[in-house]
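S.K.: The chain contents come next:
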Amino acid sequence: MSERVARLRERSQAAVPRVSAERARLLTEFYAARADQAVSTPVLRAQAFAYLMEHKTVWIGADELIVGERGEAPRATPTFPELCCHTVQDLDILDSREKIPFRVAPEVRSYFEETAISFWRGRTMRERIFAAMTPEWLAAYEAGVFTEFMEQRAPGHTVLDDKIYRKGMLDFARDIDAALAGLDFLGDPRAWAKQQELNAMRIAVHGLIRFAERHAEHAEALAAAEADPVRRGELERIAAVCRHVPAHAPRDFHEALQYYWFVHLGVVTELNTWDAFNPGHIDQHLLPFYRAGLANGSLTEADARELLQCFWIKFNNQPAPPKVGVTAAESGTYTDFALLNVGGLRPDGEDATSELTYLVLDVIQELRLLQPSSCVLVSRKNPDRLLRRAGKIIRTGYGQPSLFNHDAIIQELVRHGKKIEDARAGGASGCVEIGAFGKENYNLTGYFNLPKVLELALHDGIDPRSGKRVGTSTGDAASFATFADLFAAFERQLRYLIDVKIRGNNVIERLYAEHMPAPFLSVLIDDCIARGTDYHDGGARYDSSYIQGVGIGTVTDSLSALSYHVYDHGTISLPAFRATLDLDFKGEETLRQQLLNRTPKYGNDDDYADAVLRRVFEAYFGAIDGRPNTRGGRYRINLLPTTVHVYFGSCTGATADGRHAGKPLSEGISPVQGADRHGPAAVLRSAAKIDHLRTGGTLLNQKLTPQLLRTDADLDKFAQLVRSYFRLDGHHIQFNVVDAATLRAAQADPGSNRDLIVRVAGYSDYFCDLSWALQDEILVRSVLASFVCTAETSAKRQGPRSDESWRLALGPFRRPARFALPCGLSKTAAPPTFAVPTGRWRPSPAEPHAGGSRVPGDPS
Amino acid sequence: MARGGIFSIQRFSLHDGDGIRTTVFLKGCPLSCAWCHNPESQSVAPERIYRAERCLLCARCVDACEHGALSVVGDRLQLDRTRCIDAGACALVCPTGATELVGRDWDVAEVVRVVRRDVPFYDESGGGVTFSGGEPLHQPEFLEGLLRACREEGIRTTVDTSGHAPPEVVERVVPLCDGLLFDVKHTVPELHQHYTGVTNEQILDNLARVRRITRDTGASLRVRVPLVAGVNDGAEDARRVAELLASLDPPPPVDLMPYLEFGNTKYERLGRPVPGFAAPSDERRNAFAALLQGAGLEVTIRGEIYEHV
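Protein chains in written order, with my numbering: chain A, 1257 to 2116; chain B, 6 to 314.
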């Protein structure tokens, strides 16, 4: 990387994350001054956005080519008090906690203490939401049955398409004016609402243009004071770029990147969308600018590389705004889940890979930053070169990029009702979630704890941890005469709790539509302008709500264990089993071992366990998919955990798969940690028994030891492994290529291992920043490099073994006895005449075998 | 339908042939190489294995054993070897898998059901099934049945053999496979006998035979040489191997497999003396490889191309 990039990278890495009070202060000022003004809510929100764009600090750092920050400087992180205002205690925790700290300066703390907290009390979305939830919702939420995303951030979760590379903000303003001109105040009862929304969008458009102009002004001022002629030239160039974009469509590579970056800052400043917003198919969007620049001589490959690296560092400067309360426990990370896509297909169905795809992958490998995250979309039409190139980055142990099956994603999106061109223009975002980029609101509403549902079904709806009623009454477990009875109770609990969740979601969606419109985001997502409708109110062309299932491995293995031991083999009665779980296996270690070792488990291509998996999947799918949300869209499912499987595990008692109370659940669709004992092919076959095409994303984690990806031939086999999974319609797979010794060393000495990045769950994070529970959990995730090493054939595979089979001891040894079995041993087989001949080699301590050859005539 | 003894089926095997493979380990071997990594593969009969570190001393096996072979004495499980017949009741009741019965009887259809599961991986990678052991040719009817069944399924096969089998077995079985891995453990008959328990005349005779057969069928042939320090890693050994292979038409590629100390723990737990072998030094290994390469052979070391410097 260039010296400039090295310096920028170093500064980005060194900057200390801190809470910025600027956004909270500006917003408080704005609301305090406008409190009495009689404008509609969308217009008020747009004015607030424009106020922020007009008044927030403009930052242009030394060496920068791409400019603009979310806070007043790199890693200064704004808060969103209109959604959720941090308390003084929250700030003190953020300032002092060991993991993922945010420094809180005294003046920031006192601003919150003296002004922000009292101003926003009673006005935040979080308070509105909790006040509107039913007692049933609150009971389930408190018990850890589900989480709620929207209690402290806005429904964002979308990714941009190619539109900003074709149109400037002024072009969008013209579209808005056309929509306004077309309003039918006589025939359309929503005409006034649409007019307000469109007016708001126009205010937001000009807000962003003003933000760029302020950067131009600042760059010009810096240029005037700059002694170094080279830097002065760069600053003048920055000013010129900011004068042109985002007002107008970009004309070159630099303008395209800068335009996107202003749009990004607009979206993440308007509201805290947290998940995902990013440019999407960056290699496709930038390719015309790249090729034109090279052709007309205005750009070199080195220029493009440097600009991309400057752009990448911008993402790394933006920690995710810190959460409060339970959400802090469920997801402690600085990452903001921007997942850039490369590869895959173009909207016309052709292979999208290009020279720029590989340049972007170079940038990812060279920078090794936490943010942005990156993935490679793999279609059967893509060349193997793409997978091998990805494998070369993955084997460095960086945890990126993750790999997605673009062909599967397209089928998933088409099943959800998208046009095929819109589906192909879509991809993966956040962790593994699919969306039609630029055209869809695909909103994650919360994680759902599947093993907790089984716990409630075994306890007639009472949470054994609190004694409170959380689920519905499904009968005493003693009355479940068959496995079908037990499963029916599980399914009834599931449907009841999903209903509780969806009922809450339907209220929350309305609260956001009414109180927290997002006019700027609405400009960017089709067809909000054409419909004159906000993103939060059904303006997007496609609109999906998700509930993310967590712990499918744990619940599958638990149901499998109950079926196998209670109903098939009568090992133990259901009430006795339940009592054992309630005691967390106290005094029943033998049973627990039997559950761990001698019971069918998901992840081994075992049809017994995998049949249970399919049944659980169908129950979850059936409870959710296709149900209407309040924005004219539908509910869909996906299966991903981020890090919530640790939190959910802490809320869930012992499970029938042998898991102790409080321990993490399985993550994504990965098998229970350590349960898969037949290698990656069996894991992938098991995982492929889920019908991925009926989801909106599944997450499969695999850990490989570095030895498995050492040579080019290894990379070929890696590519074949991935291709095989995708051939079976697998949605996503990600790899941690790091050995357990490295992770243990990092635990022992975090100070010198700060840069160790691992794959967590759909995103990467610094290993040393993870909670201890999560660190341990990653350590025990199955290592797939360990194969049964047999004879001389297994030389390369000396990775750490998960199943300890190398420590196996053989029983009493006897000379080979003949099978008394009809096993086809014929007369032609060598008869047992291989008696040890005289002079046969025999081990002897006195006989050193590592010495010289005893072959006659060997001169050595 | 043919049946036979198998002690392990290993899916996602990467180094016993092309692509992603499933390796089926047939139990029983007429050789007993001094450096064998899998002593439990030698006997044809099922064998009880015991992992002491996993044992809870729950004594379920003690109750299950009809022969009174097991007892808990102090903090360890004790086996009366005179009473144990490897019936396996102990393994069935063991909650942790500390006690296991290695090896059981399979029929061909049952094996095919397992190997068929990975067809997507074979198809994607050009892989297939490898029959290893033990010595797969030691169970010829079973192996023949397996090879024919795989061929019917469109699954490509490789046989990993010591080459020690009657000629008629070789003639019958080898034409049914798509690839052959053939061991040359020692070129000197007396030393082959000394280290493996059998002499090598039949093996070398079979090597010429499989060269002819695979040349006719188009199957691949690769020779593997386990390299053990002080046993078969000298310059004279290399010259003799080179001469042997160069005499074949065409000379097969050769893969050198330096000894690994994997198996030592197993010997310890068997109560047998640890063989105490070692891999040759890198210099000796490279000299060996260079000599073969000098004879015009294609040489790899554990599957990786050897580049002479």
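No wet-lab data here; the hints were simulated from the structure. Where a beta carbon is used, it is the ideal one built from N, C-alpha and C, also for glycine. Hints may be right or wrong, so weigh each one.
Unchecked claim - Beta-carbon label-pair distances, calculated as ranges: (1) G73/B <-> D1985/A: 22 to 32 Å; (2) E303/B <-> R1507/A: 55 to 65 Å; (3) D80/B <-> Q2003/A: 24 to 34 Å; (4) V279/B <-> R1966/A: 26 to 36 Å; (5) L253/B <-> E1557/A: 30 to 40 Å; (6) K1842/A <-> V78/B: 19 to 29 Å; (7) E303/B <-> V1272/A: 54 to 64 Å; (8) V279/B <-> Q2003/A: 53 to 63 Å; (9) R88/B <-> L1839/A: 31 to 41 Å.
S.K.: Decide, hint by hint, whether the structure agrees.
M.R.: Verification of the hints:
The hinted range of 22 to 32 Å is not satisfied by G73/B and D1985/A, whose Cβ atoms lie roughly 54 Å apart. A C-beta distance of roughly 56 Å is found between E303/B and R1507/A, which places it inside the suggested range of 55 to 65 Å. Range check, D80/B to Q2003/A: about 32 Å between beta-carbon atoms, so the 24 to 34 Å window is met. The supplied range of 26 to 36 Å is met by V279/B and R1966/A, whose beta-carbon atoms lie about 29 Å from each other.
Checked against the hint of 30 to 40 Å, the pair L253/B and E1557/A fails, with Cβ atoms roughly 51 Å apart. Separation of K1842/A from V78/B is about 28 Å and conforms to the stated range, judged on CB atoms against 19 to 29 Å. Restraint check, E303/B to V1272/A: a C-beta distance of roughly 58 Å satisfies the suggested window 54 to 64 Å. The hint said 53 to 63 Å for the Cβ distance between V279/B and Q2003/A, and at roughly 34 Å that hint is violated.
Distance hint check for R88/B and L1839/A: the Cβ-Cβ separation is about 38 Å, which falls inside the suggested range of 31 to 41 Å.
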